[in-house]
Every structure is written in C-alpha cells, then in structure tokens.
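A.B. asks: From first to last, the protein sequence lines stand for chains A and B.
Residue numbering for the first sequence follows our numbering, beginning at 67 and increasing consecutively.
Residue numbering for the second sequence follows our numbering, beginning at 181 and increasing consecutively.
Among the hints, erroneous ones may be present.
[To be verified] Selected chain B positions facing chain A (in silico; Cβ < 10 Å):
1) Thr310
2) Phe332
3) Ala333
[Stated by the list, open to error] Calculated from the model, a selection of chain A residues having no Cβ within reach of chain B, i.e. all distances over 12 Å:
4) Gly80
5) Tyr97
6) Gly124
7) Leu143
8) Val180
9) Arg195
10) Thr316
11) Gly317
12) Arg337
13) Lys378
It is worth saying that the hints were derived from the structure and are not from the lab.
Just so we're clear, the structure is a prediction, and the values are computed from it rather than from any experiment.
Glycine included, every Cβ here is placed at the ideal spot set by N, Cα and C.
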Amino acid sequence: MIWRKELFTFAGVGIIFIGLALIAPISDYDYYLIGVLTSACLWVIYVVSWDLLAGYTGMLNFGQLLFAGVAAYTIALFELNYPIPRPLMMLAGLIAGIGSSLLIGLPSLRVRSVYFALVSFAMLLVFSRITLTFIWIFGGDYGLSIPRVYSREHLYFTIIILMAVTIVTMRLVVRSRIGMALQCIREDEETARAVGINVSRYKLLACLISSFFTSLAGICGFYYMGHVGPEMFGMMGSFNVVLMGVIGGTGTILGAALGGGVLAMVLEYMRPVAEYRNLLYALLLTVVVMAAPRGVWGGIVSYWNQKRRIKKGI
Amino acid sequence: MREGGVIETVFIFGIIWTALYSLITLGFYLIFGVAKVLNLTHGMIIMSTCYVTFLLVTGLHWGSLGLGLIGGIIGTVLLTLIIYLGFIKKLLTAPHTSMLLLTAGLANIIQQIIILTVGPSAKSIPSMITGSTAILSVVLSNQQILSGSIAFALMALLVLFLQKTKIGQAIRGVTQDRETAVMCGINAEEMYVITIIIAGILAGVAGLLVAPIQAVTPEIGWEMMVTAFTVAILAGLGGPIWGVIVAAAIVAYAELVTAFLIAPTLKEGAAFVIMILTLMFRPSGLFGKVR
Chain A
67 MIWRKELFTF
77 AGVGIIFIGL
87 ALIAPISDYD
97 YYLIGVLTSA
107 CLWVIYVVSW
117 DLLAGYTGML
127 NFGQLLFAGV
137 AAYTIALFEL
147 NYPIPRPLMM
157 LAGLIAGIGS
167 SLLIGLPSLR
177 VRSVYFALVS
187 FAMLLVFSRI
197 TLTFIWIFGG
207 DYGLSIPRVY
217 SREHLYFTII
227 ILMAVTIVTM
237 RLVVRSRIGM
247 ALQCIREDEE
257 TARAVGINVS
267 RYKLLACLIS
277 SFFTSLAGIC
287 GFYYMGHVGP
297 EMFGMMGSFN
307 VVLMGVIGGT
317 GTILGAALGG
327 GVLAMVLEYM
337 RPVAEYRNLL
347 YALLLTVVVM
357 AAPRGVWGGI
367 VSYWNQKRRI
377 KKGI
Chain B
181 MREGGVIETV
191 FIFGIIWTAL
201 YSLITLGFYL
211 IFGVAKVLNL
221 THGMIIMSTC
231 YVTFLLVTGL
241 HWGSLGLGLI
251 GGIIGTVLLT
261 LIIYLGFIKK
271 LLTAPHTSML
281 LLTAGLANII
291 QQIIILTVGP
301 SAKSIPSMIT
311 GSTAILSVVL
321 SNQQILSGSI
331 AFALMALLVL
341 FLQKTKIGQA
351 IRGVTQDRET
361 AVMCGINAEE
371 MYVITIIIAG
381 ILAGVAGLLV
391 APIQAVTPEI
401 GWEMMVTAFT
411 VAILAGLGGP
421 IWGVIVAAAI
431 VAYAELVTAF
441 LIAPTLKEGA
451 AFVIMILTLM
461 FRPSGLFGKV
471 R
C-alpha cells in the first residue's frame, strides 16, 4: 500500500537515477562533470539524512558532516597505518561514524531537543580541535591523503546508487510507523510519551539511520577524493547542509533532496565569488526562515494541494 | 621576580576566567530564562563588540580609548535590539527549530560581515591600563586584574538589580512562570526588551574585558557561544545568579587544567565533556529548577 502511495517518489528517483547513469557515458566520462555530479549526489545524501533528524524528529543537527568526517578519518587511518582487508576498513568506518552519532544522541535524550543543536555544534568544534592538535595522527590542516583505490567511474555509479537507495529508504521510513512516531516527537514530546511512544528509543533510532547513510556517503566521498581534512569538521560544511535542507523544505525528504542537489550545483558555479558565498548563504537562510519556513518544496506542495482542493470543489 | 608554579598560576587565572565566563554566560542565560530563546547570536555579539571597539579606536581614530569603549557598548546594545525587535520577536511563537535556524543564520551573517570588512586574521585591542602586578608570585598584567574586577563588580550590580528593584523582580517572575507573572500585571513583552538591553550591556562589557586579554578572531564568537551554553546548562535554568558563577568556575578550572596538562588547543574539549556529563546525568543543571 505504502508502495503505491510512494509511486510518484519512486518514479522521480528512478528517472533521475537513469538520467545520471546515462550522463556519464554520454559525456564520455568527463571528469569535471562527473566530479560536480558526484559531489552533488553526496550533498543530497547528507541533506536527506539531515532531514530525518531535523525535519522529522525536531533534532536540529548543526554537525551533520561530523558523521561523514569521523567515518572518513577512520578509514584513512586504517589505509595508512593498518592494511587490513578493505571491507573490514569500511565496516570500521561505518561503525565509527554511527558511534559518533551516539556521542551527540545520548546526551540529548533526557533533555528537550533544543539542546541537541548546541551539542552537535560543540562536537564539531571539539573534533576540529582534536584533528588540529594531534597533527602526527590526523595530519593537521593538510588532513590525510591516500592514492586512488577505486576508479572514478565505479565510485560515481556507487554513489548514485547510494543516493537513490537513501532517498527511497528515507521516504519509506518516514511513511512507516517510525516516521509517524518521529513526527509526533517533533510536535510534542510530552504527548508522544503519553501515547506510549518510547521517545528515547525513537530519537536514537533516528540518529542511527541518519548517521548510517551519512557515514556511507562520507566513505564514498573519501575514496573519491582520496583525501579527508579538518574542513569536514568545519562550521561552513555542516552549515551548508542545514541551509540546503531549509531552502529545499524540511520534513519532506524530497524537498531536502531537491535543495541539496540544486544548491550543490550552485555552490560549484559560485566559486568565482567564493568570499561572498558564505554571507549570501547566511542571508538566504535568514530570509527563508522568516518568510517561507516550509521551504521551496513545502510551497510547491501546498500550492498543489490547494489546486487539487479547488478542482474537487472542497 | 620569580615565575609562579603551575598550581598558583591555574588558581589565579581561574579566578579571572571565572569572572569573564560568568559575564559571557549571563546575557545568554537571562534571555534563555526570560524569553526561552536559545540565542545563538550571543557569542557573535560579544565578538562584534571587540571589533567595533577595534575599528573605533584604530580605524576611525576616535581619539581616546574611553570613547571607543563607550561606542562599543552602545553599538552592542543597538545590535541586540535590532536582532530582537527585527527578527527574534517575529518568531517567538514559531517551532523552536525555526528560532535556532534564525539565530544561527544571523550569527553567521555577523561573522561573515566581520570577516569581509575587517579580515579573518587575529586583531589585538589595546589595553586599558598598562603595567603588571605579582599576586602569589604569579605575574599578571594590570589589564587582567582590571577585567576580573570589573566583571565581578558588574555581576554584583546585576544581582542587586535583580533582587532589589521592581523591574528585577518582575524579570525573575517572568523567568519562573510567565503566565502567572502576566496575571499579576507584569508586561512580559516589556520585560523581554529590558532583558535584551541588559544582555546587550553584559555582552558588550564582556567583549571589552576579554578583547585586550586574548587575540580576537572571528572564530571566538562560536567558542564563546559553546562556553556560554556549557556554563548555562551546568548552572541550570531558573537558578540563582551565584549558580552561574559556580558553574563558570568549574568550567574555567577544568579548561585551565586541560590546557596546562594536555594541550592549550583542547580546552574546549574539557567544556564539552562537562556539557555531555551534565546533560546525561543532571539535565536540570546543578542549581536549576526548570528543565
């Protein structure tokens, strides 16, 4: 039943997926184009995972890239120091990424979700400090680099598959009982408790799902770039995730995907005015929050619903 | 003059940073208590005070440092009023995520404007007074002593204001229970504005006192924000002002010990550990009444 309701989503994701898969051979594996698309897909995964926490559960995460950064650093350390089989490395990275989400998830369970934002934010600051302090382990400002392991083409296809899987999974999750419980928690934690929802368990579950996909994207991104640096723990990266989610529209997953994809492209083509980019983004965020709190996608959906209602004569 | 030992140094500097951390926190703490708004711009406001003073003194040649300091405080109060009346007030009834996003956006705007106009490099503000004094064989600059003393004096004034005056009592009333306070004839809206102005003054003075002691970069806004948040939740909401001072002392000493024993760059890590432990084991803080 849920499959039929989500037909629109699946069709959309399918079309975009096929389009992305075809672009690569059509453009004769143009590295610049593939690079832009890869990073856009990674942003989409980050933003969609962020939306599960922020849009559905009300846990505003200011440090989404932290999970990806922890996963990537873990793998980089294994690649450089302990050459164990690659699948094991990836598993370790994934576990580390998910573990880092517990670090902000657990302290926020007993308090209102408001605190989650500041804890996630403080965590980002602490991790960037750690990478910059223990230079002999984490490489300081330069980060860690490894030689290319997988070809760009392979990673490109892996990442677009991961993106499609992420969007579909998230959509299914939020339409299931889990999604209902999360939205209930977002609206009113006390009521959620009163109707028998285990608030702590669902909050942790949201953290785990979100960090799972973010870590996977972080791992793929690391192998694609062959590099991870402290900018993963920088303020602006995670702030961009928040911005893309808010502009796209929180609490819909699809809006987040749209915002992530489009703004990631814009980000790429705004390189010439890089120094004004952050200011522009902050202004944009403020304006959207003040004027259109539901974002672009929210606006589209409400317009569509209104039209349908007029058509039905309600 | 002999250099003091580590223990004396940590002890003396701990006192000064306790005073400054309390002052950094109090503005944020009052707004959080009265209006229930987590104001993420607070750190940036403190940081911008430093820069406004810096520009007034060095860039525009306002002559004496005193005028620059007054200008810095007035600028800060105006900035907080603009932020409150122009933005925060419009979203007071919106979901809390909107408010967090809004204040985060504003904080980023302030930071980016300062990076674009003044530059990202560290700036130093001239000291208000020169010279140095040795206490317990620890050499302190007079500026550090002055900053600590002014901070303590201002906090004493604040406590007096909150305890003795009508307005102060009204502010405490709104903090404890807004509905009842409104029923007793207190204009909550007016108290918000007064609290915002007080928070602005506190932030301004905090900025002025911190600026000559440490290098000022656009990054310290976020660092101060994390410090203020840690101290605020450790003290607990709705608690007494001295609770904030005790919490500030705990955070300040933890940071100093970390800085001395492990690495100076990791001092925020100590604050973070305290933050996590508080949230996990005592979410209402040490002295808090509201959860």
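A.B. asks: For each hint, tell me whether it holds in the structure or not.
C.D. replies: For each hint, the structure was consulted:
no.: 1; hint: Thr310; result: 33 Å, violated
no.: 2; hint: Phe332; result: 27 Å, violated
no.: 3; hint: Ala333; result: 30 Å, violated
no.: 4; hint: Gly80; result: 31 Å, holds
no.: 5; hint: Tyr97; result: 32 Å, holds
no.: 6; hint: Gly124; result: 6 Å, violated
no.: 7; hint: Leu143; result: 19 Å, holds
no.: 8; hint: Val180; result: 5 Å, violated
no.: 9; hint: Arg195; result: 6 Å, violated
no.: 10; hint: Thr316; result: 8 Å, violated
no.: 11; hint: Gly317; result: 10 Å, violated
no.: 12; hint: Arg337; result: 17 Å, holds
no.: 13; hint: Lys378; result: 30 Å, holds
Hints 1, 2, 3, 6, 8, 9, 10, 11 from the list above are not met by this structure, while the remaining hints are.
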